[in-house]
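Colleague: Work out the full structure: start from the sequences and follow the hints.
Read off the chains here:
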Amino acid sequence: MKNTNVRVSLPAVCFVWQIAMIVLFGVFIRYNPESDAHWVEHMRTENISSDIENDFYYRYPSFQDVHVMIFVGFGFLMTFLKRYSFGGVGFNFLIASFGLQWALLMQGWFHFLDHSTGKIYIGVENLINADFCCAGSLIAYGALLGKVSPVQLMVVTLFGVTLFAVEEYIILHLLHCRDAGGSMVIHAFGGYYGLAISWVLYRPNLHLSKRLNGSVYHSDVFAMIGTLFLWMFWPSFNSAITDHGDGQHRAAINTYLALASTVLTTVAISSMSQKKGKLDMVHIQNATLAGGVAMGTAAEFMISPYGSLIVGFCTGIISTFGYLFVTPFLENKLKLQDTCGVHNLHAVPGMLGGFIGAIVAAAASEEVYSREGLIDVFDFEGKHANRTVGTQGGYQAAGTCVAIAFGLVGGAIVGFILKFPIWGDPADDNCYDDEVYWEVRLDHRELRAMFMCLDILSLRKAFISCM
Amino acid sequence: MKNTNVRVSLPAVCFVWQIAMIVLFGVFIRYNPESDAHWVEHMRTENISSDIENDFYYRYPSFQDVHVMIFVGFGFLMTFLKRYSFGGVGFNFLIASFGLQWALLMQGWFHFLDHSTGKIYIGVENLINADFCCAGSLIAYGALLGKVSPVQLMVVTLFGVTLFAVEEYIILHLLHCRDAGGSMVIHAFGGYYGLAISWVLYRPNLHLSKRLNGSVYHSDVFAMIGTLFLWMFWPSFNSAITDHGDGQHRAAINTYLALASTVLTTVAISSMSQKKGKLDMVHIQNATLAGGVAMGTAAEFMISPYGSLIVGFCTGIISTFGYLFVTPFLENKLKLQDTCGVHNLHAVPGMLGGFIGAIVAAAASEEVYSREGLIDVFDFEGKHANRTVGTQGGYQAAGTCVAIAFGLVGGAIVGFILKFPIWGDPADDNCYDDEVYWEVRLDHRELRAMFMCLDILSLRKAFISCM
Amino acid sequence: MKNTNVRVSLPAVCFVWQIAMIVLFGVFIRYNPESDAHWVEHMRTENISSDIENDFYYRYPSFQDVHVMIFVGFGFLMTFLKRYSFGGVGFNFLIASFGLQWALLMQGWFHFLDHSTGKIYIGVENLINADFCCAGSLIAYGALLGKVSPVQLMVVTLFGVTLFAVEEYIILHLLHCRDAGGSMVIHAFGGYYGLAISWVLYRPNLHLSKRLNGSVYHSDVFAMIGTLFLWMFWPSFNSAITDHGDGQHRAAINTYLALASTVLTTVAISSMSQKKGKLDMVHIQNATLAGGVAMGTAAEFMISPYGSLIVGFCTGIISTFGYLFVTPFLENKLKLQDTCGVHNLHAVPGMLGGFIGAIVAAAASEEVYSREGLIDVFDFEGKHANRTVGTQGGYQAAGTCVAIAFGLVGGAIVGFILKFPIWGDPADDNCYDDEVYWEVRLDHRELRAMFMCLDILSLRKAFISCM
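These protein sequence lines map, in sequence, to chains A, B and C. Just so we're aligned, residue 1 is where the first sequence starts under the numbering used here, counting upward by one. Just so we're aligned, residue 1 is where the second sequence starts under the numbering used here, counting upward by one. Just so we're aligned, residue 1 is where the third sequence starts under the numbering used here, counting upward by one.
Calculated directly from the structure, the hints in this document are not laboratory data. As the structure is a prediction and not an experimental result, all values here were calculated from the model. Each residue gets a CB set at the ideal place from its N, CA and C atoms; glycine is no exception. It is possible that part of the hints are untrue.
[Unchecked claim] Derived DSS-like pairs (lysine-lysine); straight-line CA-CA distance at most 27 Å: (1) C/LYS2 / A/LYS2; (2) B/LYS2 / A/LYS276; (3) C/LYS2 / B/LYS276; (4) B/LYS210 / A/LYS276; (5) B/LYS419 / A/LYS276.
[Claimed, not checked] FRET-style restraints, in silico, Cβ to Cβ: (6) A/LYS2 / C/LEU208: 36 to 44 Å; (7) C/ILE413 / B/ASP428: 30 to 38 Å; (8) B/ASP55 / A/HIS173: 28 to 36 Å.
[What the hints assert, rightly or not] Stretches of chain B that chain A covers, calculated by requiring three or more beta carbons in the stretch to come under 8 Å of a beta carbon on chain A: (9) 77-88; (10) 254-268.
Modeller: Shown next as structure tokens:
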């Protein structure tokens with residue numbers, strides 16, 4: 001029996017890190033001109049005609065949708081296990097709350113630091129980016145669900161956010177890729193990061209917890225809350241930080257279409273795979289979302305509506321096949337235990353999304369985008385003014401590889417850190433069980449059933465003794 | 001025992017229809033000027049001063065609310081049955097995802113086809129309209145819940161969306177009615193469409209599934225998620241596609257008020273109808289929404305705040321009475337089995353909403369609306385420039401009748417198509433059961449209870465044998 | 001056994017009050033210029049350049065978020081009890097629907113009455129304010145959950161909204177305080193109002209219902225839906241009615257940060273308090289929200305990002321300590337039974353929020369805000385043009401005291417009214433039970449378990465008799 005006591009380590013980590021956040025925010029983080037009380041002066045100097053031009057009104061509705069995806073979407077998607085719903089939604093809540101603070105700093109240092117003042121000036125776009133950055137670590141949590149302690153998750157998040165900020169800087173700034181919805185920087189990175197950690201943390205005797213590695217009827221319905229909020233708000237996710245105007249508009253349309261298409265092929269493959277054509281909730285809960293992941297890069301491009309449908313069509317098939325064949329293969333042959341199947345929902349569709357983005361970028365033309373449109377969409381300005389769409393496509397593909405490499409290498413390192421026997425993780429026969437880290441009140445129905453068992457046993461004993 | 005195997009038919013329908021969608025989208029669907037990369041050029045030629053004037057910023061928040069209503073609202077409202085929650089939320093997800101694609105095409109051909117290029121140019125308003133169009137078929141699903149196969153639901157949706165686009169064209173374009181929130185085109189049509197199908201598919205021995213036609217404690221709580229998201233976002237539903245400015249603003253206020261009023265009269269009638277004044281969850285889950293349905297046409301008119309309260313007041317009473325008396329009457333006398341009571345929530349309130357709209361339109365005056373306001377609200381322009389409000393009222397009433405006729409006749413025809421014994425629908429003693437179309441994992445508590453039963457039985461046998 | 005029959009009283013209250021609302025709305029409530037069909041004329045006379053300047057587009061997304069908090073947030077947060085989920089979410093629905101109508105009138109008379117016409121002109125800001133006003137009574141419901149009848153709750157709401165409007169008038173208009181997110185007027189008032197009522201209604205034998213005063217596994221997951229929607233949308237709550245532009249933007253950022261910080265300290269204290277560091281769902285569901293409450297006043301001020309983190313840090317600790325130590329103390333020593341712990345989530349953090357607001361206001365400077373910013377944020381115009389920030393701080397502190405006083409005195413009076421034996425409240429051994437006011441269908445699993453019990457009993461009897 002392992003020691004799962006986190007009574008010292010969890011509070012210590014929470015307090016120390018939160019205090020560090022306060023100090024670092026005090027030193028570095030300030031309001032940007034759109035959220036500062038100097039806004040009225042700023043409007044005058046910048047010749048802004050109306051409050052409605054404040055970025056808040058362009059992005060806040062999308063921000064709130066993304067926020068729902070991070071906390072309710074990811075959180076409830078992970079409530080599907082019969083006795084790990086508290087851990088699914090609760091630890092998601094904890095690590096996202098920490099991660100977004102650390103993300104504001106990390107992303108701020110890399111992308112938003114004003115070198116003249118040494119400050120990071122934040123507004124609503126930073127909040128969206130911070131939520132995005134957390135998503136990488138939450139995806140990784142999906143591969144680890146039920147097998148790690150909350151302290152380990154805090155470590156996963158600390159390193160996950162850090163790695164994210166670095167790979168994002170390389171991909172978006174150095175390689176000058178476009179990745180509005182994060183197929184590369186969020187999903188491919190987060191997916192492979194989680195898989196690498198899980199691979200290092202392989203538990204040979206995990207079958208001892210098999211009784212709890214599954215859903216019950218109502219936990220599957222809870223998970224559908226997560227699925228649907230992710231599915232519905234994914235158009236906001238992919239359009240939240242794209243260019244104002246047509247950029248946000250187009251990204252939302254493309255994502256909406258891709259996701260609709262994914263649902264039909266997921267249902268088709270799920271039905272084909274089971275006797276009598278019965279559907280499997282695991283597929284409906286997860287593979288239906290793969291279209292949104294795969295559109296993360298290309299959503300803002302002129303992929304065209306039917307192009308979006310094709311992307312959704314293919315990723316629905318690939319993701320469902322992944323749940324049917326690849327996850328068991330990974331577990332049995334590669335010793336990789338992936339609780340939520342993030343391989344099929346994030347890693348592979350994210351990688352595909354990166355390459356789809358590369359192809360669509362390379363196929364862009366002035367005819368389709370207009371001269372100005374091409375410059376706007378791909379940001380061919382400054383030192384990138386002379387980049388061709390072909391070159392851009394190559395860089396997009398390279399960016400995808402960078403994201404995967406960061407995920408795999410970073411995850412392997414973090415995995416080894418988490419192997420130290422100091423983190424309070426559960427024993428192999430104690431996984432997927434909320435009672436390890438939560439006060440669980442027993443259901444009175446269960447209590448009654450237990451008393452009944454005792455009754456029967458005592459009755460039987462009496463019976464046998466009287467024979 | 002009927003054959004409920006859909007292993008060939010369901011994947012076939014999904015694949016064939018999705019491929020058809022891709023082909024048709026490839027031929028017909030393009031981005032509109034507000035979602036196309038030419039937007040910057042478009043802004044210049046049209047003299048648009050700012051990105052914020054893109055329709056995306058007027059309608060996207062409402063679109064997302066409508067999207068939540070379609071997938072979480074309708075989906076979770078149908079989870080109330082004790083063992084059909086997967087089917088309720090899952091099939092809703094499937095058919096809405098198909099329906100919205102087909103709706104973009106059908107509505108596009110009728111309303112948005114550019115005859116010079118032969119293309120349909122889409123933006124956020126089309127997405128909202130597509131969601132609306134699906135709503136008609138989802139309402140029909142409410143009458144059929146638990147009694148049909150997913151393949152039948154796909155057929156219901158294919159025809160439902162098609163019929164919707166035609167009746168909508170007749171009502172909105174030929175008759176030039178106003179129907180912002182779709183009392184007529186969505187709710188009256190969808191309600192009667194579902195009722196007519198259910199009437200044709202009457203199952204004389206449905207009582208054999210009676211044990212499953214009811215809720216349990218937690219399934220009723222799940223259904224409240226659906227109820228509340230529908231209730232809260234209905235102001236967005238009724239205002240999503242009205243005129244910019246006062247039109248959207250007023251429609252939201254009127255719907256908000258009508259729904260608040262409905263809750264109180266629903267509670268009052270529900271309490272009066274039961275011994276000791278106990279409330280019935282069926283009423284709270286459903287009848288509280290009737291005010292939103294009934295305001296679908298009149299919400300954008302100057303019905304005045306107290307007028308909205310009166311509409312909500314009356315429809316709450318009528319709808320609750322429907323659940324108490326009309327649904328049993330329909331089932332016993334008219335041989336019409338209406339699982340969710342769509343008669344009381346959509347058909348009748350939708351019809352009433354159409355007539356309320358007619359009355360409010362006929363009572364409009366320049367004094368109340370201003371000259372320009374009257375023209376804007378009722379779109380008295382072009383060949384309709386000389387229409388009087390009285391005439392408009394008459395056309396609104398006629399539109400309601402068209403919607404009902406389309407629902408009844410279309411539903412009857414679709415019902416007969418669904419009677420062919422090829423669709424894999426469940427037997428009469430097998431309805432309302434997720435195990436027919438879903439892999440359902442047994443609850444470990446249930447398994448234990450079963451083992452206990454066996455224990456007791458064997459104990460008893462031993463006991464009896466030793467007597 | 002008390003008489004809990006509300007078959008006459010509940011419908012009577014609903015009908016009479018709803019009819020009164022219709023009459024009063026008919027006399028007083030009209031559309032404001034932004035929601036009236038005269039808007040086009042209004043634009044011309046006011047020189048408004050675009051529909052997007054309609055306040056609807058500034059505030060509607062925030063309004064919908066607030067609406068979700070009121071109905072799903074508060075509603076589902078109160079589903080945590082094992083057999084009172086219907087009452088939690090259902091009565092919340094009822095009283096909020098009534099309360100918002102009464103709030104539109106009460107707040108209208110105090111703040112928006114046009115004395116030349118005698119009318120109240122409403123728009124989206126009034127809807128937000130009405131939702132806010134309800135929140136006070138819903139908070140009070142938290143202290144009374146499971147112990148009162150729906151008729152009593154209607155009375156609590158009638159008086160709660162009335163008292164709210166008066167204290168709000170005193171605090172915001174007479175004292176000219178700022179309180180965008182309502183730390184004072186909503187949370188401190190609502191919390192102490194509920195506590196005072198609960199204190200007067202003290203039930204010495206409430207332990208007889210102890211078996212039902214607790215959660216089961218799935219009811220705790222339902223409650224997390226409420227927690228998360230409150231947590232996610234709190235930035236909208238605190239920014240919904242602040243100044244356009246930087247005001248809304250900054251309030252959202254500050255609240256987002258404070259809430260993130262609260263989660264970490266709540267987890268830390270919760271883990272420290274239990275053996276083996278296990279977390280308690282009660283803390284995670286409630287104390288994580290305290291940061292939003294405490295930022296209600298200061299969110300729009302230049303408290304700075306690290307200031308927000310500090311507020312969240314402290315309130316998470318204080319609130320969790322409240323659940324651990326103060327709630328038991330109140331119950332055992334002060335005879336105050338507070339079902340949901342509103343003392344720790346609303347009363348104390350609200351009071352703190354008021355004083356934090358006072359301090360931050362007193363510390364404001366032209367350097368930080370700019371001259372114009374200072375005037376805008378604190379509304380130092382008209383007869384308040386010469387007020388200093390120090391004076392403002394004093395008034396803010398005074399406003400907090402006014403809110404608490406109104407809550408305590410008003411609650412005590414309402415409590416005495418509710419002691420009359422005419423309201424149909426449950427007996428001490430019948431609290432926390434939905435079967436008192438709802439038709440509850442028995443779970444078939446429970447029925448089976450019952451039959452099994454009978455089986456065992458009869459078996460045992462047979463067994464004993466044969467001994």
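Colleague: Does each hint hold? Answer for all of them.
Modeller: Checked hints:
1. C/LYS2 / A/LYS2: Measuring from Cα to Cα gives roughly 53 Å; hence the hint is violated.
2. B/LYS2 / A/LYS276: Holds, at roughly 12 Å.
3. C/LYS2 / B/LYS276: 12 Å, holds
4. B/LYS210 / A/LYS276: The hint holds at about 24 Å.
5. B/LYS419 / A/LYS276: 21 Å, holds
6. A/LYS2 / C/LEU208: 36 to 44 Å: Holds, at about 42 Å.
7. C/ILE413 / B/ASP428: 30 to 38 Å: About 60 Å separates the Cβ atoms of C/ILE413 and B/ASP428, which means 30 to 38 Å is violated.
8. B/ASP55 / A/HIS173: 28 to 36 Å: 32 Å, holds
9. 77-88: holds (count 4)
10. 254-268: Answer violated; 0 residues pass the 8 Å Cβ test.
When held up to the earlier numbered hints, the structure conflicts with 1, 7, 10 and fits the remainder.
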